[in-house]
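Asker: Residue strings, one per chain:
There are 2 protein chains.
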Amino acid sequence: MPTRLASRIFVFRPSKETLVTYKKRTHTCGELRGTDIGKTATLTGWVDSRRDLGGVIFIDLRDRYGKTQVVFAPQHNADVHKSAEVLRSEFVISVSGKIARRPAGTENPDLPTGEIDIEATELTVLNKAETPPFQIEQETQASEDIRLKYRYLDLRRSNMQKNLLMRHKAYQVVRSYYDRNGFVEVETPILMKSTPEGARDYLVPSRIHRGKFYALPQSPQTYKQILMVAGFDRYFQIVKCFRDEDFRADRQAEFTQIDVEMSFVDENDVITMTEGCIAEMFEKVLDVKLNLHFPRMSYKEAMETYGSDKPDTRFDLKIRDCSDVVASSRFRVFSDTVKKGGIVAGICFPGLSNYTRNQLDGLTDFVKSLGAGGLVYMKMHADKIENSVEKFVSAEESAGIAAKLGAKIGDLVLIISGAWQKALSILGALRLEMANRLNLIPLNKWNFLWVVDFPLLEFSEEEKRFAAVHHPFTSPKEEDVSMIDSDPSKIRARAYDLVLNGTEIAGGSIRIHRKELQSKVFSLLGIGDEEARQKFGFLLEAFKYGAPPHGGIAYGFDRIVMLLAGEDSIRDVIAFPKTSSAMSLMDDSPSEVAKKQLDELHIRIV
Amino acid sequence: MPTRLASRIFVFRPSKETLVTYKKRTHTCGELRGTDIGKTATLTGWVDSRRDLGGVIFIDLRDRYGKTQVVFAPQHNADVHKSAEVLRSEFVISVSGKIARRPAGTENPDLPTGEIDIEATELTVLNKAETPPFQIEQETQASEDIRLKYRYLDLRRSNMQKNLLMRHKAYQVVRSYYDRNGFVEVETPILMKSTPEGARDYLVPSRIHRGKFYALPQSPQTYKQILMVAGFDRYFQIVKCFRDEDFRADRQAEFTQIDVEMSFVDENDVITMTEGCIAEMFEKVLDVKLNLHFPRMSYKEAMETYGSDKPDTRFDLKIRDCSDVVASSRFRVFSDTVKKGGIVAGICFPGLSNYTRNQLDGLTDFVKSLGAGGLVYMKMHADKIENSVEKFVSAEESAGIAAKLGAKIGDLVLIISGAWQKALSILGALRLEMANRLNLIPLNKWNFLWVVDFPLLEFSEEEKRFAAVHHPFTSPKEEDVSMIDSDPSKIRARAYDLVLNGTEIAGGSIRIHRKELQSKVFSLLGIGDEEARQKFGFLLEAFKYGAPPHGGIAYGFDRIVMLLAGEDSIRDVIAFPKTSSAMSLMDDSPSEVAKKQLDELHIRIV
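Chains as they are written, first to last, in this note's numbering: chain A, 50 to 655; chain B, 50 to 655.
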């Protein structure tokens, strides 16, 4: 042995406890039943709870499969009873004994194993445990930070185990579905080329190629299109994607998507295939049978009815356009808005005419925080309509608005005016806010909706140029292509989003498969020839050699599992999530690295 | 439309060809049979080949599912016949017509569709194609660089499609197997903490946390152990791993592994479960039934018999130790080696006593290139043993060596002396080299072998310290733990490697699950407390709260698929591989990025 190491090595004497030989389990902790009484069994697992009732020690032994009660009593084995005194919560043990019927009145009908217990005659402590920072129970009061730091303890909770088992099931169902339908699973690179939305790319410096970088994929979009050019016809993958952005509750730096692409198809083919997958997930994971097909709604209708491109249709409270009623109102806020091409629209809230000044002020603050100039309200009293701007709005106009909105006596009408998209989005947010306040959103309802006919482009006021609403490979609708030079903002895309209960769970499109049209769209997006060549050169190059018509979709897998599991946060369905600032509290990453490592990568921190 | 954009937009006139409406396929190109004759069909796909026989044009139309012959003739449709004149290889088309029996004598028995053709009455060109840089055929003469640059064309070749479809099948079989056996699929993070082998980590700078980095996993080792601590009992995942090192033929910067971990198990449990998975893969992917269980061999025996820790046992040529015969030889090269604890060993090559001086010089150069001092040979002539060092080695010694090696008249014996591991490794390489030269390796033979009883540690002469042979979490064998202070180099690990035809395809171990033993092994490896805390603090911390005994394995998925597909390079079973210098020739990554991006990451290239 090299002497220079000797000083670093503390003396280590293998103890009986280090050299564990133990009896392996014959059953899991969720397996034994009344029919097993009289047999012997060995179980392994964690001490879930421990009660010392004077002469007898009871523990619940826990593993992934369930819990079984173990009884340590002198009459079963005095030595084992004595050694059980050291047992504490979360100790790992192997225990053997006879399976016995629990005394009458002590059965636990909540546990599948509740009829029996194990009369312990052998015990090995496989590992001790310090007192955990929070108790391992189905629901916990521990803060999320503590839960994430001690994720290995948090994941012992039955809720988290259920979520991850559900996630496991969802993976298998999705893959089996696509496999059965002739899709080929192909892995696309994680170390890839930086994409146009490069600002949100995670970059990876190359050691061998000084000054050059890979990027982690925000999506395998270009590769799946390449696979169609390569003739794979039907592709799928459940794949990690990465986005370095500011995180919201339902976003993660790395997230998982179900990625699908098909050749020689139109929108209906992709939509139908997706519906089949979703239906199978709900049936096999939740035992819920969905009605197919899901309804479809144009983006325009979704915005004008629900104020959102992902409407929650589980409740009503529809938006109605009142622009024509107030087009020539004395109230200039309304009439000027209409003149400028904006919209005046409102929602009727049945039975809320008694809303207080205070409540209405709160709502005004809410819409102002979203950028509204103000909130106009109308209360439908029995004798008259009370209008918050009645000095300016005529009684006829108020009546007209009420008629448009179907407002009846006792109702409250809230009205927003402004630019089309902004005013409607604020009404959409107000609609959701009110539904939550009024507890109008039914549980256990699964409202699916396809939103279609999105605009191809949106004009960015900030950058003074068009951006792709979906992505630059989305095909315009055939009947709109003629507007490509005259009125590009009017062009609708062959895109479709799938919405579930107000959450977007999938989105896709039919792609452009012609080089000329792709170049044209790039130019609309202000992506010059040189930039296009640099960024997507290989895709444009591939299009030269016979690209088939193709289209696809990507599902947000984390979100879908979150909805299946009935959770509010995707972090509860991800084994090792990061915080909203992209940190892993368990392993403390990101972290500092050695200077030597940076030298090898030819980079320096500034 | 914003005027400032106008100048950037070239005038675009949607042509008939841009606005493609086309008939969707009724069948794939591999589907039609004699029984379909008389019906009509629409096919879509790529023009695989085209023959113009004066009045009639024949094409083979290709998609992922097969090829179908299409006939364009004036009598079927004169316009369509005329428009078929533009068709060239790799054009994408939709074609409709009547399914007809091919004229007698023109059937193609090699194609499942060879009985029929389509008499084209409708044709739409969905996309034209430039002449591809190489022809799309089963085997190609194109260089690998060209194939990788135009991967979308290379992937159209039937060989590559077959490989990726086989890979697809392998994914499904593996997941179905582990799912059926109660394993939970869990995704571990890609953005994780740097590991001890940090020198080979790909690093990812954090935008939010200035000067901090994530690392891409070389393996999810710590996370899967954490999952055992969390009680998941059985975990699997098919997962991307990353290693920034110099690449050999069978390595990639990003590679795929089947990752497995189990609780409350010993070596036999992991080995048996793995054998079941391998057997199912071979049966379902190749229709080959394997005999279980696979044989096991100690590392020592593998080295001393085959000169390798991953022996190819498809052929014989075993190594034999002759040290005792030459221990007191006058030939100091031998006797000194034995005195210093080294080994003198050889291989007998039957019937090669007529090897020429030239051939033997070539072999001497070969072993010298591997670091041997020289190569001693003996030719077994009918009248005598010719020994290349017969001036120093007595006839008795030569006879003794021959006896040890079972050498008979007509055989050639090659002998290497030196330090145990080095001499045996050189003999192992010589054995493989000779087997290849002599064409001794049978095809279609699947020789599986478990190599077990690896040493826990190896001493790095360079760094003057021990390194883990597997990884620092591998458990020592119980009966060897007592040597942990006295003779650590003698400790054997609870590790196992699965070898197929001389290639390591999986490796794993029973892990240390006790904090004290883990700390001890870290200290043997020269990983100090502070370093251990920094690098694996969270794992050691987790071990405080009740870690179960556990172990696992990781399979090299790419290599397994390579062997299943009968390929020599893993690049032929990866859709988008990188070159040996970790470049993607198709998309030209890694590439330079904008200074703005680096600024946001707070890094600079030096």
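Hints are supplied without guarantee of correctness; some may be wrong.
Stated by the list, open to error - With a straight-line Cα cutoff of 27 Å, these simulated BS3-like cross-link-like pairs (lysine-lysine) come out:
#	chain 1	residue 1	chain 2	residue 2
1	B	K526	A	K72
2	B	K564	A	K131
3	A	K289	B	K645
Hints were generated in silico from the structure; no laboratory data involved.
Asker: Please verify whether B/K526 and A/K72 have alpha carbons no more than 27 Å apart.
Answerer: OK: B/K526 and A/K72 at ~17 Å, within 27 Å.
Asker: For the pair we were handed, B/K564 and A/K131, check the Cα-Cα distance against 27 Å.
Answerer: 25 Å, holds
Asker: Given the hint that A/K289 pairs with B/K645, test it: the Cα-Cα distance must not exceed 27 Å.
Answerer: Since the Cα atoms of A/K289 and B/K645 sit roughly 26 Å apart, the hinted pair holds (cutoff 27 Å).
Against the hints set out earlier in the document, no violation occurs for any number.
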